[in-house]
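> Now that you have both chains on their own, put them together as the hints suggest.
Protein sequence lines correspond, in order, to chains Y and U.
Numbering-wise (our numbering), the first sequence opens with residue 1 and increments by one.
Numbering-wise (our numbering), the second sequence opens with residue 286 and increments by one.
Because the hints were derived from the structure by calculation, they are not lab data.
Keep in mind the model is a prediction, meaning the values are calculated, not measured.
Heads up, some of the hints might be wrong.
Covered by chain U, per the in silico footprint, the following chain Y stretches (three or more residues, Cβ under 8 Å) [as the list claims (entries may be wrong)]:
1) 28 to 39
2) 50 to 61
3) 103 to 109
4) 150 to 158
C-beta atoms are modelled at their ideal positions from N, C-alpha and C, and glycine is treated no differently.
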Amino acid sequence: MDVPVQRVVRPRTLDEALVMLAEQPRSRPIAGGTDLMVQLRDGRRSADTLVDLDGLDLAGVHEVDLGVEIGAATTMDAIARHPLVRRRWPALAEAAALVGAWPIQCRATLGGNLANASPAADAVPPLLVADAAVRLASPSGERTIALERFFRGPGTTVMAPGELIVAVLLPAPSAGRVVERFVKVGPRREQIISMVSLAGRAVVSADGTLHDVRVALGAVAPIPVRARRVEAHLEGRRPDAATRREAAARLQADIAPIDDLRAPAAYRRIAAAVLLDRFLEACHG
Amino acid sequence: MGEDRRQAARAPEVERVRIRLTINGEARGFEVAAGRRLLDLLRDDAGLIGTKEGCGAGECGACTVLLDGKPVTSCLVLAASCDGHAVTTVEGLGGSPGTMHPFQRALVTHGGVQCGFCTPGVAVTGAAILAGGHQPAEGARLLAGNLCRCTGYEKIFSALEAAAEEVRRDE
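Excised from the complex, chain U in its bound form (with noise of 0.2 Å):
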């Protein structure tokens, strides 16, 4: 009894939660650890790998995704949380398989891709500012958490540009 005890105290028991969301369009059920992460499901459970970790501690933005269309670094978003909400990875930008959002095009034609780790967590930032109405000059504070350690940034804001402007158009 009291070497059970001391073994529960060891390796406590996790309980797991269900948790019903939506990725990128379908709805999806998972039955995950207490202390899950969302960055967690999405790569390692709905096998999304597009989402890259990098410091794992909402400081480089590599791991950003939409949460009810608002950007979230997801290493510090509780999956058990997500229960109900839509998330949105880099896979699901474009609307659907294989097409890519404007501003992932762009970052493409404009040479805002270089090593490529940034690039997810950038894309998803980027669509998101371009989706919230906001100004492409508010780019610079908006995607200041999105570490990118390539291209300098020029490129990353001119490709958010030329997107908002192909935005624009297609209104």
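Next comes chain Y alone, as it looks inside the complex (with noise of 0.2 Å):
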């Protein structure tokens, strides 16, 4: 069944796309449309005009001064695949890699999971922990904010009317002998929404030690988080047994999990601690 929408513009450029969805009344923007297309069916979210994006070339990952740039029709499967994501950010290219499955991977774009906000994106806890920032463009011109500062709740963010995401940064990853890895539970591994997924990156020192370590989590709180408590407490210390004991007790001043169809909020708050106890086991080997 066509999905209710009554028009759809082909923009060939990016200006001209800023410009139909600041003029069409009730526009959206689609590119992969693997949520889109499910929330139009179902009612829950709704449109006159779809601003086709397929036209503009907003796909790639670049390296730039600080980093790289991943355009944000960049699919799933070319970021899981992407030799340098893969190297200096794995648990990005792993999180792609378990977006839906396959046929998902190949649609599903890095800026359509930003924008659909969902608490449980699985690409933004490892992008939170790269401090990732988002650059987002109107007629008026384009800002750059902090990924952290992006979303408001579950699928609301704090872009305007008319704004389009068009890029994602990430900056460098600090040197040393780094361990990051994404973490994520649910009924399976592939086409499933996760009940909690978490992705922790810290620099291990030669004498064990941990530092600039990083920690964010999704589906536990109304929007992907860092765990700051837990970044704090583990800063400059060993990984050992009474460390994750505590790690994992302030972990839960951190998330505020509720009670879905998924998973009850008392196994989310289980389960999170399971998985940052997995990060730290990695990082004490």
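Pasting the structure below:
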């Protein structure tokens, strides 16, 4: 069955797309459509006009002075396979390979994953530990904001009407022996929405102490969150049994999970602690 | 006037768009409703009913087709977005009508087809695995989006290995 929209327009340039988004009432951009098509069908999101981003050149991973810039229309499959992403942001590559399943990954885009603003979006915790920023464009110009300030709640972001995500910026990761992991819990690995997901990254010194520790979780709060209390506690410490126990306890104040159809809040609290422990175990080895 | 406007609100005019795309190697043109899904274009407008609709939400993989060589769930693809692109359905996997892809033949000989509903999607994803230079060992992850509730997958995986072997021999 057709999805209930009245019009689809196909801009050839970014400027054209921004004008269309600004001028067409009740318009929405569409890229891969893997979330939006189902939401339109089910009435969870609606639009009169779809602005199809297919003709724009918004895909690709580009090295820039400060790190890399991933175009908003880059597919999860392209991210999962990209040699530089796999080497320097392995948690992002791992998460991209776990969004839906392969036919979804070949169509779903990074920009779409952010715009959809699901608290459970798998690509987000790895981007949060990478200190990613989002580049937004509108007819009045561009702005770049930290991903940590991008989400407002389930399905909502700070984007103004007519603003479009054009790229995600990942600053070059810190030097040293870095341990980075993405782990998630769900009924199976593929094709499920995570009950809890966690990305962790830390520099492990020769003496085994952790530095520049970053931990982010999905599906445990209205938006994906950094676990700042956990990070502060782990900084400069060895991830021994006592430190791990304390980190798991502090984690509970960093998260605010709810009961929903996928998991009860109490389960999410336990699972989040287990995922944190798995990351710290990897740092210990 | 007021009555007309209320009428318009109840039944909004849906615009149609002209698109040109390549389906199974053949250049085709369609005029479709703005909200047309690729799946419906293939089955209802192009008459290619090999592609199946299961869940209609991208979860079962029955509607998988190749878009520019990559597997996608056609129930989630806006037909208008396919303008200028190439689609391959299960009917076109073998290259010419009536010819099967090595993986399709292997599915038959290894008993990888039981009720058959998932088969078009499985065949398409499997062909993409082989064409993409993936190892058959990656098959479990790459085929995880094609739900099969008959075979238990083992026969599908052995068919994939056999087809990979055949493709290697032919190269």
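> Each hint needs a verdict: does it hold in this structure or not?
Each hint tested on the structure:
1. 28 to 39: holds (count 6)
2. 50 to 61: holds (count 3)
3. 103 to 109: It holds: at least three residues are needed, and the segment 103 to 109 of chain Y offers 4 whose Cβ sits within less than 8 Å of chain U.
4. 150 to 158: violated (count 0)
Violation of the numbered hints given earlier is confined to hint 4; every other hint is satisfied by the structure.
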